[in-house]
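Protein chains in written order, with this note's numbering: chain A, 1 to 121; chain B, 1 to 861.
Treat the hints with care, since some could be wrong.
[As the list claims (entries may be wrong)] Some chain B residues close to chain A (C-beta under 10 angstroms, calculated; not the full set):
no., residue
1, Ile-650
2, Asp-663
3, Leu-684
Since the hints were made in silico from the structure, they are not lab data. Backbone N, C-alpha and C define an ideal beta-carbon position, used for all residues, glycine too.
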Amino acid sequence: MNRILLVEDDEMNRDMLSRRLIKRGYDVTIAVDGQEGIEQARTGSFDIILMDMSLPVVDGWTATRTLKDDQKTSGIPVIALTAHAMQGDQEKALAAGCDDFDTKPVDLKRLLNKIESLTGS
Amino acid sequence: MTHAHASEARRRSALLRLSTGIAAARDEREVCQSVVDGLHDRDLGYDFVGVFLLDLKTGDRVMQASVGWDGTHDGYRIRAGEGLSERPLKDKEVHYTPRVKAEAGHVLAAANGSELDLPLIVDDEVIGVIVVEGAEEDAFHREDLEILTAAARQASLAIGRVRLIEQERRRAEEQTALMDTMRDLSGELKLEKLLEALLQRAVRLLGVTGGELAIFDEEREELVIVAGHEMGANAVGTRMAIGEGAMGHVARTKEPLVIPDYQEWAGRSEQYTQDTVQSVVAAPLMIGSRLVGVIAAVHADPGHAFDGEDLRLLDLFAPQAAVAIENAHLFTAEHRRALEQQALLDTLADMAGELELSVVLQDLLVRAADLLDVTGGELAIHNQETGELRIAASHQMGSDAVGTTMARGEGAMGRVAETMESLVIPNYLEWVGRAETYTDGSVQTVMAAPLMIGSRLVGVLALVHSEPDRAFGAEDLGLLKLFATQAAIAVENARLFTEGRHRQQYFEDLVKNNPVAIVTMDLDFDVTACNPAFEALFGWKEEEVLGKNLDRLVNTPESLDEASAYTEETLRGTVIRGIGKRARRDNTLVDVEFAGVPVTVDGEQVGIMGLYHDITELLRAQEEAQAANQAKSSFLANMSHELRTPLNAILGYSEMLIEEAEDHGDEHYIRDLEKIVSSGRHLLALINDVLDLSKVEAGKTEVYLERFAVQEVVDAVSTTIRPLVDAQGNTLVIECPESPGVMHSDLTKVRQMLLNLLSNAGKFTDHGTITLTVSPTHEEDGEWITFHVRDTGIGMTPDQLEKIFEAFAQAEASTTRRFGGTGLGLAITRRFSQMLGGDVTAASVPGEGSTFSLRLPVESS
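Let the hints inform the model, and build the full structure from the sequences given.
Shown next, in the form of structure tokens:
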């Protein structure tokens, strides 16, 4: 059972993605902004983090950089979820330490492939 | 004081008066008179004194002045060989005769006592004698001898002096006469007057009674008297045969002749019955060895016989007269030419100065009429457009016809205009072409010539005469043509001048009313003029900027260097253009588009013209347009982003519902849900493309260059597109060389472009083949990779080809519905390819397929 931390501020995207992941057997924890995402990642135990980039309070790039700078959390793979064609966002995401990225709306099959390859399950 | 003393003092005083008198004398006669007067002084008391001068020709002693010499007069002569007073002439000594009566050879005496004869000596030559007599015998003592010898010496000196003066004066007179003659020759006197003046002067100089001058008529071999002076009857016009009379004689011998006693002369002319002529001197007038005339001088005084000296003087005049006559021959021929020349010069002067055409033409017409000595004339200008003649000048034609127009062919002038040939009508009243309007019966003869500039008619000049006996000849026509030439030039000049003035006016107006600020400068870049628009733009008045350096006037310290560089270029003859900020008078800045134009006249740069166009409004409009476009792009980018969020939900939940339906076996929902997903995806693609394009246009698209293998991108693209191609029943063929190498470019954009081209090919091809060919090429400007995407689809017409790279421009509006796609793919591909330094082109044959070629540099920068 893989534990996923989903950091997403948009309620519908969060609800939709979390339900589809849970349906496929993942253990999904929710955070609604960057700050909460960091706190959850530090306190909980996750195999992978799906991080939206445009987040309130602390944005996804800052949150990712913070987690990657923290030894406790730096080992958790982060997949950035970016808006389509926001090429700069993607580049910035990789620069911030994300391990991979995918564009929204999410192509579930493709995302599951990326999760599996990063968690090795 | 004793009496002797008193008398001595008076004597000395008298001697002083004598000396002073002699010294003050201005000519020989005055010298002689002062000698007599001085000696006759009562304090000296010589009562019988006579002064004689020697006549060199005769040897006679001629009395000049005397006192106490009764029975004689001035001019009284004592013949050579007679009288006691001859002795000093021979030995230059003073001779004293104590008793006159005892002497033989005594001829005449004032007193019959004693006599003293004293020589007058000049330049060692005896020129006269002073005779002093006493009533008593042996009246003279040593004292008297001293006084009289001194007086004689003084008189001698005085006479020598006045003779010298006289000689000089005579020489000066000759010179003056010569000068006068020369001046006359170069002047414009008629020959007769000239010869008369010459003769008059000769007569005056010779001091003779009169003279005559005759010209040799070569044709008739006769002499014709052309000038006479003080000869009683006027002999001018009289003809003489060669050999007849004195002049005829000279004409035959061509030698000068002196006839001391004319009345006795054997060759005396029958025509010359005047017995007043006593003596004649005559000289031939020669040009080289050719006789042109004879000059003669006569004297009525029998005492004045001509001699060699007179001949010498006459000879002075002979060459002058000869030259005058010769010149006169030439002059008659030259006279007309000179007048013509003068008329031409006058006209040219007019043209240089007065340019009022009507005045010039009137003047010219009057001069032509005067020179040809005719009644009057008219001058008409030819109107090039209407072909009509309009009279521009009229001279003594009865009624003033100025302004009247004539048709080509009408009347004499119209005829000339038609034929462009000059015309002489000897009898105008009977001339068939006579104009109806010409009822002036006084016109008898007409002569007209065309005014031509090259082969172009500019007018007609006509002269008329009211007397039928004045027949116009070739010479008249020649003169008329000369004036016609001048008039043509005047008319043409006036036309050019007017045209030039109009043109100048036109350009002045153009500059003055031009909305563009125009300023002209000399080569130092100092302002020479500016127009009102310049004043309005920069706030300077023209008088404030004249002579000022323009660069310093309108530049800020920041723009001065740049402006100076432009100035340098302009001075090298280059036209410069630019956009920048310039300073107004109040130091505010204004955006201008400017141009510097070198002003060249006849190949030489004389100045610079500066043009300034206020583009403040233009720039503002441009900025506004750019801002609006930016806003549009931003709006589109934001909007597409905002649209996508709800779309994500629609797609996401639809897909979830499909999964749910599959799980629950609710098959009948699945087809409808799939339609929602399919439409949602199309909408998403549209939104994504709009976003891409608007980002490109908003300048927000960034290029991320990285190094990647061409093979990788080809593989990735083919993997992605193959399911779509297969679904459409098409075949995908990849033609790629073994190792196509590595590119330094934007991987994402290359991939997107290839996907666009391939999916586009798939859309318009049904059960055909889509081929992706990769061909690296080495070209002059570097290494390139070209991706050709060829399909066997429906193809495009040339019209369609033109538009396919424009946004939302699929070949047909219906194609979007029929074939899907957003219609933005190719536009985005073109934009991206250009951003990477390449381009995309298309070629197509309708019904056979299309080929799109994406050509990119291997190394983008």
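Status of each hint after checking the structure:
no. : hint    : result
1   : Ile-650 : 9 angstroms, holds
2   : Asp-663 : 9 angstroms, holds
3   : Leu-684 : 7 angstroms, holds
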